[in-house]
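**Student:** Residue numbers (our numbering): 316 to 705.
The reader is advised that the hints may include incorrect statements.
[Said to hold, decoys possible] Derived EDC-like pairs (lysine to aspartate or glutamate); straight-line CA-CA distance at most 20 angstroms:
1. Lys378 - Asp393
2. Lys671 - Asp619
3. Lys635 - Asp395
4. Lys362 - Asp375
5. Lys378 - Glu501
6. Lys365 - Asp457
No wet-lab data here; the hints were simulated from the structure.
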Amino acid sequence: MRLLIAGLAALVAIGVLLTGVVMARARARAHADWLEGKNLTLAPVVKGLKEPTYVAFPPDGSKRLFILERGGTIRVADADGTLKPTPFLDLSHDVSTSTEEGLLGLAFDPDFTHNGYVYVDYTANDWSVQVIRYTVSSDRPDQVDPATAQTVLALHKQSKYHNGGMLAFGPDGDLYVSVGDDEASERAQDLSNLVGKILRIDVSSATAAEPYAIPSSNPFASREGARGEIWAYGFRNPWRFSFDRQTGDVWIGDVGDATWEEVDEIPAGSAGENFGWPFFEGSQCMDPQHCNDPGLIPPLVTYDHNMNCAVMGGYVYRGKIATGLQGNYLYGDLCTGGVFSLRNGKRIELGYQPIKISSFGEDQDGEVYICDLQGGTIYRIMDGSLPSDA
């Protein structure tokens with residue numbers, strides 16, 4: 316009897332061991348395409364994309380992902396990552412994709428569930444930057460009729476570079492638009508034009524004659540010779556910016572020139588700041604005549620081009636999955652796949668991935684996503700923590 320009991324116990328132990336091995340292997344297979352590091356873990360959410368440039372989430376509770384592909388298509392994926400076979404919108408015949416061009420930005424109207432308005436930003440075949448509004452019908456939520464297009468802003472440019480392209484609605488309900496300097500750096504300081512700026516426009520007051528209104532509280536709304544749309548200036552290429560959903564502060568990744576990348580911040584309630592380009596690149600003065608100009612806002616943090624090449628502005632993490640990153644501003648670099656946190660004026664390296672980061676995204680729950688331009692995948696941040704020596 317004792318031998319029988321011992322034998323059964325051994326069989327149970329072996330069974331438990333085998334079950335553990337099987338479960339471990341299953342977890343390993345399930346995580347085979349995750350990017351896991353000491354301080355950062357990324358899980359693929361949507362695959363099979365072609366050069367994704369941005370991911371956005373409608374404020375309708377559906378948890379769908381709307382993904383821009385550089386060539387001009389907007390794809391829709393369900394919350395489980397399943398891509399819809401038909402694009403939400405196909406602008407491939409209208410979008411220029413030379414150099415830094417393409418389909419660049421998307422924002423849902425704060426009242427999207429009632430008016431169906433969605434705004435896109437792209438570079439057209441004539442090099443112009445176009446901001447267009449489309450109207451989604453409730454009976455076809457995964458496709459939009461191209462015939463509903465209404466031009467909000469058409470900004471003609473002289474080059475294919477430094478387009479900006481970010482669209483975001485602020486806590487005030489106004490639409491913010493980033494525009495690069497169009498390879499004419501001196502114009503970033505010129506308040507009579509819109510390049511090298513972040514704009515703020517009131518699209519809720521649009522009329523048939525005027526596609527937007529200029530908020531009276533804009534810093535240059537009443538200045539003679541200045542464009543009233545300007546909200547902040549002195550940028551080279553503010554490719555991505557975001558609002559901290561908790562504080563309203565604005566975080567900006569301004570892509571640098573030969574040496575320095577920078578992250579800037581605009582506190583909630585502020586406006587009219589001058590971030591110094593082209594007098595400064597990062598914290599380095601490039602024009603001795605303007606090194607001591609009053610009112611120039613220095614960057615929060617800079618980093619050089621040692622293997623890096625272009626800052627990708629992100630979001631302050633306010634989600635619940637990666638609790639170790641709560642309250643940290645997360646951003647990255649295009650070339651290295653590096654994801655960073657900003658802490659006490661320092662760039663903290665969370666990890667480097669074998670991807671090309673084109674953008675970050677934020678869903679309605681505050682979770683943060685990363686677009687891999689080269690691999691055609693959208694990742695979600697699943698875990699993370701600051702290094703012990705940060």
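**Student:** Look at each hint and say if it fits the structure.
**Tutor:** Hint-by-hint comparison with the structure:
{"no.": "1", "hint": "Lys378 - Asp393", "in the structure": "7 angstroms, holds"}
{"no.": "2", "hint": "Lys671 - Asp619", "in the structure": "18 angstroms, holds"}
{"no.": "3", "hint": "Lys635 - Asp395", "in the structure": "18 angstroms, holds"}
{"no.": "4", "hint": "Lys362 - Asp375", "in the structure": "23 angstroms, violated"}
{"no.": "5", "hint": "Lys378 - Glu501", "in the structure": "42 angstroms, violated"}
{"no.": "6", "hint": "Lys365 - Asp457", "in the structure": "19 angstroms, holds"}
In this structure, the hints that do not hold are numbers 4 and 5, in rising order.
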